[in-house]
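Protein chains in written order, with this note's numbering: chain A, 1 to 325; chain B, 1 to 319.
Just so you know, these hints were derived from the structure itself, not from any lab. Each hint can be trusted.
Covered by chain A, according to a simulated footprint, are these stretches of chain B (three or more residues, beta-carbon under 8 angstroms):
1) 30 to 40
2) 102 to 116
3) 146 to 160
4) 173 to 186
5) 306 to 314
Far from chain B, by Cβ distances over 10 angstroms, these chain A residues were calculated:
6) Ile4
7) Tyr103
8) His139
9) Val140
10) Ala178
11) Lys194
12) Glu229
13) Glu244
14) Ala270
15) Val275
16) Leu284
17) Arg323
Where a beta carbon is used, it is the ideal one built from N, C-alpha and C, also for glycine.
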Amino acid sequence: MKEIRYIWGVKEAIYEEMEKDEQVVFIGEDVGSPGGSFGASKGLLETFGSERIIDTPISEAGIVGMAAGAAACGLRPIVEIMFMDFMTVCMDGIVNQIAKMRYMFGSRYSMPIVIRTPGGGGLNAGPQHSQCLEAWFAHVPGLKVVMPSTPYDVKGLLKSAIRDDNPVIVVENKSLHALKGEIPNDEYVVEIGKADIKKSGTDVTVVATSRMVHESLKASEKLSKQGIEIEVIDLRSISPWDKETVFNSVGKTHHLVIAHEAVKQCGIGAEISAVVAEEIMDELDAPIERVGAPFVPVPFNLEQVYLPDSENVVTAVEKTMERLF
Amino acid sequence: MTKLSKKTMILFYTQMIRIRKMEEKLMEVFANGEIPGFIHVCIGQEATPVAVCSQLNDSDYMANTHRGHGHALAKGIKPDMFMAELFGRSNGPCRGRAGSMHLADMNLGILGANGIVGGGIPIANGAAFASMYKKTDQVTVCFFGEGATDEGTFHEALNIASVMKLPIIFVCENNGWAEFTPQSVHMTIKDVSKRAASYKIPAKTVSNDFFEIYDAAAAFVKRARQGKGPSLLEVQSSRWHGHFVGDAQKYRDKKEIDTAMKSDCIANFKKYLFEKKILNKKINQKILTDIDQEIDAAVEFARTSPLPEASELMEELWA
Ligand SMILES: Cc1ncc(C[n+]2csc(CCOP(=O)(O)OP(=O)(O)O)c2C)c(N)n1
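This is chain B alone, in the form it adopts within the complex (with noise of 0.2 angstroms):
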């Protein structure tokens, strides 16, 4: 296990419970009324976009999927930003016209979640090939869900990768559902990272455990960074809420989201760190008032930021 520093991990930590905390207030605030349209949430799978994304430098880039959220925050969007965007104000990274499903900030190599499945996955090559054309050394990662790898983009995106020794890391978030579909239903493996051996890119399957992820996407990001190619990574999480906010999930065993909640990876790190005592009862505390207060901070910014104006519809259509 890859030796990390007291602050680090207080910082990760820090960076899980934002993600958690920050959904748990958009759960709320979309059912005020305050967010229209869908929103997704990845409560139960944090531990994924941070593991990953400390990996990665501002200047890396990230796809990632309507289930976006963590992503985003774990690599680098600000929080009165995010909520900017997601309350569909003008003055989000997106001038409000992405919203949750869309969200994207160039400045952070993020290059956007995306509506549809499996939509993100060929884009996510084309910042690797961008970025191997210019001879830079930086890496994508490109987030998706194990429903999207029953799409044709997926199977094409890793044959391109792989021929052309991009340098990508996909990232398969295996939660089990693909909407209101378990993963026995829409494929015959258990393992996604199974697909890969066909394209002849190096995979793992990792649990939800928050070193484990960090360690493989350690040895992948380097792998990329070398100039080795691609790769695939494949956490088997689950997902604890409904498809989208709203959703009630009632095509589900109340037994196996109980098992999903109790295997929180948030949880576990935080025993982790209690164990090791780099965290404590007082500093705890502390980090998840702060990350209240932040939070609340950003949810006040959303609100009293501008709506667009009518007349913002037609703007900037053509470059």
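Next comes chain A alone, as it looks inside the complex (with noise of 0.2 angstroms):
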């Protein structure tokens, strides 16, 4: 085992991936000598050069659209775009052209892009850099969702992205960044579509995402304490989503809680709470919770109280053990 940093994790699996196959190549802003702007591709293009390295014009779109050309014609392109917020600036390129080639082209060719972006507050950088719109993702057909919330599954899970031949949006978190972890020495891959018990317990299912999933075990301790005993499950994808262990988990505890750090409506939690009800309304001995951002933009000075925590868990888990059916 050894310990690495998120990002590092980032750049082992790119690396890796690059070493093994020459179709991939890596496309973004800043990424080449500047090595990204959270280092992300630092020393990359010392090894693989300016042709795999592509360090581009600040034109997402222009990018976007240039890796699902190259995708259908054989490359295995990586995509920084540098803030999630930016993401919104090549949407086109995302959801109507990536997400829809291979199937409505009648599976001739397969599109395997991934799309690595950052999303999250935690830098106060205000209502364009802070934003969390991974639902979105999740709401088209055609593009895989993760969101790995350890540097264990960022290189395990953008590893099976930069493999699959689907296009793969992989959400970091800019709060994560900087997260220590131990990951092992030898080669392994995370499966997209898995979820990852953190921690087991019998009382309340936590299905969490991405930062939430530390605020979660952070609120777990506190609930001990309580004689409480949540279970912390990190989504890890949110499409697909692994509903087999959610439900399992719900069919144990009869409590489920919900936690993103995207805004609460329309958020994946919505999607969850929804198939749960729909399909195993009956487990469930309470309503469901959602812990979510409020419904409005980030502010620049007011980011503290606008991002969701462990508090907010604590009270969700409160809540739906006092209001039982």
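Join the two chains, each given in its own frame, into one complex according to the hints.
Printed below as a string of structure tokens:
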């Protein structure tokens, strides 16, 4: 085992997959000699050269469109979109083109594209640099969306994403970039679509994504002291998502809380709640609780108030335990 | 060269000094941790905002970028209001919700700095369209960097402005760097103004010299006001500091930075004023002292201004 930071996990995954497969190229702004705005590609230019590490103009729509064409013609592009907020600048490429091309053209080729992008708050960077827009992409058929929360998962999931023949959006969280964690020295991958039970418990199932996994684990410590044992499930992939693991857990605890940093309204929690309500309503002993950001832009000066944290998870757990049917 | 009165030249000098010193102070308070988030300074580029905005009335519009302190100050934002917003205080012009990267003040026609590169350019067109529609004689100035001209929004906006003959002046501040990437890596031309030709928009490239910028801006603003349509002014300047405060510029040759600092637009302007005996040591000292006091007062104002209440978060989501 070795200890690495989350952002190094990103780099190791790219490095290993580029070494293995010459069709893999890495495209983005400032990704060449600067090594990326968050350092994900430090040193990659020196190893792979400017033919494969492509530092582009500030042209997100151009980059993503190029990735679509290159993938259709046999390459396996990894695209870095510096902040998740900038995904909005290239939505046509992602939503109308990349997500649909293979299916629409009769499945004659594949679209092996990875778009990596850091979302979330924590830097006080204001309304246009702090958003969590993952649910938008989970709403689009043809895109896979993963949200790794640890160095282990980001490396393993990114490797799977690069090998996947479908477009995969890899959503990082800026506040996790510096997080340290253990990974094996040997090669491994993490399967897309599989959740991870971070802590088992019998009282309430807490399904969390990305940074909120860590907040939920913090909440579980506080709740343990009150004699409440929550089961923390790191969803890891939000499209497709691991229904089986969630259902099994709800079947055991009969209580469900879903926690994400994105705005609660129409967040991925809404989908999970709906599916649980549709399919295993009878397993629930109390209404589902969701934790998410309030329905406002992320203000520059009230980010700390805005961001959901472990306290919100504690409150949600307590609420669902009180509100028995 | 346009003839300017002594008083006017002193005013322009004072405005440039205000921007420079204000940003030097910002770097200090940012390093102290008094301002969260990111700030981007325009030190070395002060001539452009002052020379361009001096052509404008309060009612004219201005859209700008993340590197926007100079534009906002030159467009007339008061130092205490400016500082309060950057400190995230409730009494800032945007209630502290915008901070440095999104600073706006509609009372002064400041449409807003932008966190999205190229995001402000079409918005500026919209302001120009509104004033054309209302048949006022207002014009709009839109500032952006050379990096932004690689975005589709730039090209779409220029074409629209040209087709609609909008009263707008596009001002590209070509400081040679987009974040950590030099211009030569992200475009194959040197003069961004060439891009305007494909939209049949008159354009000019000038150096980072106050008078050159002033004269070119005056002509373009006049043109827009007369209803003759859009134009593009490119100023080739240089970024002295990092992309954001805290960026140590390890990717940059020190010599290049030294050269940039040697061709200081403020020092050159000051030299001219001294040569013409418009400015002397005594007046200069007074200007510097007054500005220092003004800035200290603004910082003090911001520090003692109220932080937002948690309850303000959900206020005014809807009109
Ligand atoms: C759509 C979008 N892409 C990328 C960024 C990240 N970014 C912020 S500033 C910047 C460089 C801008 O360069 P330029 O337009 O020349 O302005 P300068 O910073 O030199 O003033 C980049 C790439 C962004 N904010 N928005």
